[in-house]
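Participant: From just these sequences and the hints, can you work out the full model?
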Amino acid sequence: NAGVMQNPRHLVRRRGQEARLRCSPMKGHSHVYWYRQLPEEGLKFMVYLQKENIIDESGMPKERFSAEFPKEGPSILRIQQVVRGDSAAYFCASSPPRGSGGGAKNIQYFGAGTRLSVL
Amino acid sequence: DQQVKQNSPSLSVQEGRISILNCDYTNSMFDYFLWYKKYPAEGPTFLISISSIKDKNEDGRFTVFLNKSAKHLSLHIVPSQPGDSAVYFCAASDGSNTGKLIFGQGTTLQVKP
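Note that the protein sequences, when read in sequence, are chains Z and P.
So the first sequence is numbered by our numbering: it starts at 19 and just counts up by one.
So the second sequence is numbered by our numbering: it starts at 1004 and just counts up by one.
Keep in mind that the hints were calculated from the coordinates and are not lab data.
Backbone N, C-alpha and C define an ideal beta-carbon position, used for all residues, glycine too.
Treat the hints with caution; some may be incorrect.
To be verified - Take a look, some chain Z residues computed to stay more than 12 Å from chain P by CB distance:
hint : residue
1    : Arg27
2    : Gly34
3    : Gly46
4    : Leu61
5    : Met64
6    : Lys69
7    : Arg82
8    : Gln98
9    : Val101
10   : Arg102
11   : Gly103
12   : Ser105
13   : Val136
14   : Leu137
Stated by the list, open to error - Below, in silico cross-link-like pairs of lysine-lysine (DSS-like), each with a Cα-Cα straight-line distance of 27 Å or less:
hint : chain 1 : residue 1 : chain 2 : residue 2
15   : P       : Lys1008   : P       : Lys1040
16   : Z       : Lys45     : P       : Lys1040
17   : Z       : Lys62     : P       : Lys1071
18   : P       : Lys1040   : Z       : Lys62
19   : P       : Lys1074   : P       : Lys1059
20   : P       : Lys1059   : P       : Lys1008
21   : Z       : Lys62     : P       : Lys1008
22   : P       : Lys1074   : Z       : Lys62
23   : P       : Lys1040   : P       : Lys1074
24   : P       : Lys1008   : P       : Lys1074
25   : Z       : Lys80     : P       : Lys1008
26   : Z       : Lys62     : Z       : Lys45
27   : Z       : Lys69     : Z       : Lys89
28   : P       : Lys1040   : P       : Lys1057
29   : Z       : Lys45     : Z       : Lys80
30   : P       : Lys1071   : P       : Lys1057
Facilitator: Have a look at this one:
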């Protein structure tokens, strides 16, 4: 299965703890996006990364949230000192390099998501 | 500021009939539009897309129509099947080099047997 892999699927944290969400993109994909979905809402863009670079973090809260996509290993979305309002589904998506001919423009392929619950 | 809007939270249709899901947008810089389908506890799955230079794209039972002057697009599913029951999201890309997608709130489609 060469799909986008996210883990864990469910994560429970108490207020003040740290949450780490992992995403392995599809094989051959070098672009990773993180989105957050609050209950009864659509997905909201958070951050766009390429290997070792943050390209666009305009959707990331200014504090407590960070993301990385190291040269080796999965992309990590890190939330420090979680609060109840962080409870949501966090989705990772990947896409092939631009001009790679890997498919129609801008199609992003999503993982199954991590559901974070903050107690 | 909701740049992509799906004003119908839900839609119910009979199996075999046509389902029409609507989406409006406000940003004239959007140059590419996508529809995703989402089942509970799963991630969104790409369905069909359309470039802003076209007004129609068809793939099997799914057709997307784009009306740029009205800033409106719609997804037609015909014939509808019970397995089509899911949440459908409209998304737009602004053509920037980030490729980020702006999503609507979603429409829950129920196809009754």
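Participant: Each of the hints needs a verdict: does it hold here or not?
Facilitator: Tested hints:
no., hint, verdict
1, Arg27, "violated, 8 Å"
2, Gly34, "holds, 27 Å"
3, Gly46, "holds, 16 Å"
4, Leu61, "violated, 4 Å"
5, Met64, "violated, 9 Å"
6, Lys69, "holds, 15 Å"
7, Arg82, "holds, 21 Å"
8, Gln98, "holds, 24 Å"
9, Val101, "holds, 24 Å"
10, Arg102, "holds, 21 Å"
11, Gly103, "holds, 19 Å"
12, Ser105, "holds, 16 Å"
13, Val136, "holds, 19 Å"
14, Leu137, "holds, 20 Å"
15, P:Lys1008 to P:Lys1040, "holds, 16 Å"
16, Z:Lys45 to P:Lys1040, "holds, 22 Å"
17, Z:Lys62 to P:Lys1071, "holds, 24 Å"
18, P:Lys1040 to Z:Lys62, "holds, 16 Å"
19, P:Lys1074 to P:Lys1059, "holds, 14 Å"
20, P:Lys1059 to P:Lys1008, "holds, 20 Å"
21, Z:Lys62 to P:Lys1008, "holds, 13 Å"
22, P:Lys1074 to Z:Lys62, "holds, 21 Å"
23, P:Lys1040 to P:Lys1074, "holds, 21 Å"
24, P:Lys1008 to P:Lys1074, "holds, 11 Å"
25, Z:Lys80 to P:Lys1008, "holds, 26 Å"
26, Z:Lys62 to Z:Lys45, "holds, 24 Å"
27, Z:Lys69 to Z:Lys89, "holds, 6 Å"
28, P:Lys1040 to P:Lys1057, "holds, 22 Å"
29, Z:Lys45 to Z:Lys80, "violated, 31 Å"
30, P:Lys1071 to P:Lys1057, "holds, 9 Å"
Checked against the numbered hints above, the structure violates hints 1, 4, 5, 29; every other hint is satisfied.
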